[in-house]
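So you can see what is in the structure, the chains are spelled out below.
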Amino acid sequence: MMGKKILTLLLLALLFSPFTTFASETVTEQTATDEASVKAGIKKYIAHHLEDSYDFSIWHAMGLEFPLPIILIDEGMHVFSSAKFHHGETVAESEGKFYKIYHAKIYRTDTEGTITIDPETNHPEQIKPWDFSITKNVVSIFLFGLLIFVLFTNVARSYGDTQIPNKLGRFLEPLVIFVRDDIAIPNIGEKNYRRYMGYILTVFFFIWFINLAGLTPLGINVTGNIAVTFALALITFLITQFTAKKSYWMHIFWNPSVPLFMRLPLAAIELLGVFIKPFSLMIRLYANMTAGHVVIMSLIGLLYIFNNWFARGAFLGLTLFLSIIELLVAFLQAYIFAMLTALYFGAAVEESDHH
Amino acid sequence: MDKLLDQFSVGLFFWQIILFLALLFLLRKYAWKPILTSVINREESIKEGLESAELAKKQMRQLKEDNKSLLAEARMERDLIVKEAREAKDNMISEAKDKAKEEGAKMIEAAKSAIQAERNAAVNQLKSQVAELSIQIAEKIIKSEISSNARQQEIISAAMQNAKLN
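Protein sequence lines, in the order shown, are assigned to chains A and B. Adding 10 to a residue's 1-based position in the first sequence gives its number in my numbering. Adding 257 to a residue's 1-based position in the second sequence gives its number in my numbering.
Okay, chain B solo, but in the shape it has when bound (with noise of 0.2 Å):
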């Protein structure tokens, strides 16, 4: 102990001071303080850098929940409209259906009307054509018949015959 007082060096130990002093003020200014800053700054942005993956990954899958979910709607939907699709098909179908049937036994219905009504008239025609050709004929008879005068007494005498006058 008594040594190490003796050999104590006053100088060493102020130049020791100064020196530490000074290069304590200079790595404080020039190499602590950017270094600190610059390893809290990078260590903040890793942070925040892991953060926004962290969120990014969880967009991520409540975007591709809504994509499902989205698919499965449209799928939904989809088969919806295919459903009303085939529905109103079906449905135009048999509407057409009837209506052609109700159409057609209307059409039927006419020309039945029409076929009698022709046939009528073409009954009545023949009816009355037979009536003239029938005078024609008796008229043809009547006249050969009665062109001889024997003949016409024998008519009268006949037609005498039966009128038995009262």
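Pulled out of the complex, with its shape left as it was, chain A reads as follows (with noise of 0.2 Å):
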């Protein structure tokens, strides 16, 4: 009974959880009380939000932050942590070298900081050394991966003999034969699918859990960022190519199905599509995921805005709305690249029989 408690409790804690966090840096960080600056303030939040962060700040007003290792790639390798930053405050000196952080990127400078702006292409004119750092977003990838793998180890580990599942197993196995029964079976086909089932099921349980990942107070936006969506479009467009049959080239190049004259043309807006499937994926996820954050955050920045409780009022039940569909979003995108990737390969692997 206590345990339900608590966890309903806990689970609430999650809901209202970008608020609260939202509420205590926002707190610090105006100074001033005018309108003007309270939107100027809202909107830098919101930005900095959405953008990898050098380190990992848990709750910035308690002094829960963590520095992460900075690794630059420039003449040499330079590893350090990025409390030399100070929150990109100051200068970090490297090896003789010294290192400034403008706009969430790493930029070489002089021992000053100097940030000079091209007015032709309004980027800094600094060189930006290869940056693999260990940021905000790599660690929580690595946590979350992490977890999955616990999980689902766990859940493997508990079949024995018996072949029953534990508790955790009878929540997730369900999920994992949805994915086999309603994403890849349905798309590949049952003679393909077994293949490609371990990357369905591990891009779906990925991108679902970093999903939810994001509604929780540690306040992070891994798949609202590119090069994240961009990476997992990335193996979807190489699986599906170099797993594809001949009749999946054959369709592209040289379609047996349309009139001669019409081959030529269509092969290249078939081979347009192979590239433009792949980007599909990687827009979609990043342009879902990033909204989601956008829009919650400024509902909850409309709070700050509307002086009165009325309207207060309302603004928190939107945003409780908005979570609970965020809540729904983060499976739906999930469960959309899964469902996409699974017609990719099936595309790739279908027989050219109905022709």
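Think of the hints as simulated: they come from the structure by calculation, not from any bench. Here a beta-carbon is modelled for each residue, glycine too, at the ideal position from N, C-alpha and C. Take these hints with a grain of salt, some might be off.
Quick partial rundown of chain B residues pointing at chain A, CB under 10 Å, derived from the structure [as the list claims (entries may be wrong)]:
no.: 1; residue: D263
no.: 2; residue: W272
no.: 3; residue: I274
no.: 4; residue: L278
no.: 5; residue: F282
no.: 6; residue: R285
no.: 7; residue: Y287
no.: 8; residue: K290
no.: 9; residue: S295
no.: 10; residue: A395
Quick list of in silico lysine-lysine cross-link-like pairs, PhoX-like style, CA-CA up to 20 Å [to be verified]:
no.: 11; chain 1: A; residue 1: K115; chain 2: A; residue 2: K138
no.: 12; chain 1: A; residue 1: K53; chain 2: B; residue 2: K260
no.: 13; chain 1: A; residue 1: K53; chain 2: A; residue 2: K94
no.: 14; chain 1: A; residue 1: K201; chain 2: B; residue 2: K290
no.: 15; chain 1: A; residue 1: K201; chain 2: A; residue 2: K255
no.: 16; chain 1: A; residue 1: K115; chain 2: A; residue 2: K54
no.: 17; chain 1: A; residue 1: K94; chain 2: A; residue 2: K107
no.: 18; chain 1: A; residue 1: K138; chain 2: B; residue 2: K260
no.: 19; chain 1: B; residue 1: K314; chain 2: B; residue 2: K325
no.: 20; chain 1: A; residue 1: K138; chain 2: A; residue 2: K94
no.: 21; chain 1: B; residue 1: K314; chain 2: A; residue 2: K115
no.: 22; chain 1: A; residue 1: K201; chain 2: A; residue 2: K256
no.: 23; chain 1: B; residue 1: K260; chain 2: A; residue 2: K54
If we take Cβ atoms under 8 Å as the criterion, some of the chain A residues that face chain B in the derived model are [to be verified]:
no.: 24; residue: F142
no.: 25; residue: S150
no.: 26; residue: F152
no.: 27; residue: V165
no.: 28; residue: A166
no.: 29; residue: E183
no.: 30; residue: L185
no.: 31; residue: Y209
no.: 32; residue: T212
Hints given; two lone chains; assemble the complex.
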């Protein structure tokens, strides 16, 4: 009974969490109280949240934050702690070179940390070193990957001879079966689905867990980062092309079911489609998750702009409502990504017997 | 779009690829394979169980039907045996009756002839005894009759008279 109550409270806390972290941080960040600066502060905070970060800040006001390792390749390897930047306020020195964070990117500067903006491109003129830092997103990917691994290996080990899943398995196994029976088999077909199951399951649970992580007070935004969705879409793209059968290429370059004179223009379109498909995967996931975060954070921001209790109550309710919608979106986007991935795999291994 | 490209983090892309592929291979080996194998095995064993249950049900039904027919057969056989027994009994009784009747008749016949024989013997004996008695009586009479001479004379004369000598 007690455990259940605590769990419910924790879940509720999780729902309201973006609100709490946000609240505590804006209060400390904003110095002026006039409306314009509140608006600017909110905008800056949202932009800051959407970006990756060089340190893991759980609760800034409470000092709950950890510096992370910076790894730069700039005429040699530079490894140092992000604590050197002091949240981007100071210049960090490493082996005779000086670095400064500007708009969440590291630039090589002088001792003063001067950043000069090129008026034409609107970009800093300073050199951007190759940046392989363990950022907040990298840590999140690692931690949630580890969580997925621990959860599912626990389920896998629980089967034994009896083949009866444990408590955790009774929750997770239906999801695995759902991915198999409703995503993989209908799109790829009974014959070929097995070789793709590993990837589809991994991509589904990875996106879902990471999406859900974005709704927690950790304030991380991994799937709302184009580099992450690009990596996932690229893997889908490569697996599709490298496992494709002859009929797939036939269908693209010399479609036997259309008149001869149409085959060449169609080949051009189909070839374009090969790249557009994973591109749409990348953009869809990125845009949906970014939009979700922006909408929820903007609504919370409105709580600070409207200075009356009625509006605040209304926006609080709306935030709660949208948080629940986001829970659904977190699942839906994982489902859509896995579903379309399975669909592309299905097209790659489809037999051409229907022509 | 320009901003997106500008914001693109090669480092994050690199780590995402590395971590995701590592996760993929680890999960494939230690999670998905055992889980899916167990699920498939279980599904198959459930299917087999259902099939064998269905088979058992069928066999049960067959067995019941067999039992029923066996019972019916047994009942029929019993009826037949009982009927036969009854018939045999009736036969035996009637046969015994006939035999007894025959035997009785025979015995009566024998008795009758024995009685007849006895009777004949008795009659014969009686006859001979009567004859003997008659002779004795006659003897006694004769003895007494002819004890006196006078009488003897008389008899002789009578006899003489009767005997007409031709």
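Here is what the structure says about each hint:
| no. | hint | result |
| --- | --- | --- |
| 1 | D263 | holds, 7 Å |
| 2 | W272 | holds, 4 Å |
| 3 | I274 | holds, 5 Å |
| 4 | L278 | holds, 8 Å |
| 5 | F282 | holds, 8 Å |
| 6 | R285 | holds, 4 Å |
| 7 | Y287 | holds, 5 Å |
| 8 | K290 | holds, 8 Å |
| 9 | S295 | holds, 4 Å |
| 10 | A395 | violated, 136 Å |
| 11 | A:K115 / A:K138 | holds, 8 Å |
| 12 | A:K53 / B:K260 | holds, 16 Å |
| 13 | A:K53 / A:K94 | violated, 26 Å |
| 14 | A:K201 / B:K290 | holds, 17 Å |
| 15 | A:K201 / A:K255 | holds, 14 Å |
| 16 | A:K115 / A:K54 | holds, 16 Å |
| 17 | A:K94 / A:K107 | holds, 13 Å |
| 18 | A:K138 / B:K260 | holds, 15 Å |
| 19 | B:K314 / B:K325 | holds, 16 Å |
| 20 | A:K138 / A:K94 | holds, 18 Å |
| 21 | B:K314 / A:K115 | violated, 72 Å |
| 22 | A:K201 / A:K256 | holds, 17 Å |
| 23 | B:K260 / A:K54 | holds, 16 Å |
| 24 | F142 | holds, 4 Å |
| 25 | S150 | violated, 10 Å |
| 26 | F152 | holds, 6 Å |
| 27 | V165 | holds, 6 Å |
| 28 | A166 | holds, 4 Å |
| 29 | E183 | holds, 7 Å |
| 30 | L185 | violated, 11 Å |
| 31 | Y209 | holds, 6 Å |
| 32 | T212 | holds, 5 Å |
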